[in-house]
Amino acid sequence: MQAAGKTKEAQDLQNAMQTQIALLNADKIKMDIARNSEELADRKAEKQQELLRMKRRHLKNLNLD
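Per this note's numbering, residue 27 is the first one in the sequence shown, and the count goes up by one each step.
Calculated directly from the structure, the hints in this document are not laboratory data. Accuracy of the hints is not assured; some may be wrong.
To be verified - Below, computed lysine-lysine pairings styled on DSBU-like, alpha-carbon distance capped at 35 angstroms:
#: 1; residue 1: Lys54; residue 2: Lys70
#: 2; residue 1: Lys56; residue 2: Lys34
#: 3; residue 1: Lys70; residue 2: Lys81
#: 4; residue 1: Lys73; residue 2: Lys56
#: 5; residue 1: Lys86; residue 2: Lys73
#: 6; residue 1: Lys70; residue 2: Lys56
#: 7; residue 1: Lys34; residue 2: Lys54
#: 8; residue 1: Lys54; residue 2: Lys32
#: 9; residue 1: Lys70; residue 2: Lys86
#: 10; residue 1: Lys54; residue 2: Lys73
Unchecked claim - What follows is a set of in silico ranges between Cβ atoms, one per label pair, in the way DEER data are often shown:
#: 11; residue 1: Ala67; residue 2: Asn87; range: 28 to 36 angstroms
#: 12; residue 1: Lys70; residue 2: Leu90; range: 39 to 47 angstroms
#: 13; residue 1: Leu77; residue 2: Asp53; range: 32 to 40 angstroms
Don't be surprised by glycine CBs; every beta carbon is placed ideally from N, CA and C.
Start from the sequences, fold in the hints, and give me the full structure.
See below:
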């Protein structure tokens, strides 16, 4: 009977460890998504700024003609 109890205890411990690993992996994925979203937002803002500069140059060139 003691052996069965130890086996269950070991299985419970293994399940708890696997749960913790899964939670850590989920947190890492969440952080990766947040970082990628920030990087994407930064690139989008840079592209919008570049587009605005190009439009201003184009308008300036039109006014020079």
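Checking against the hints above, which ones are violated?
Hint 12 is the one this structure does not satisfy, whereas the remaining hints hold.
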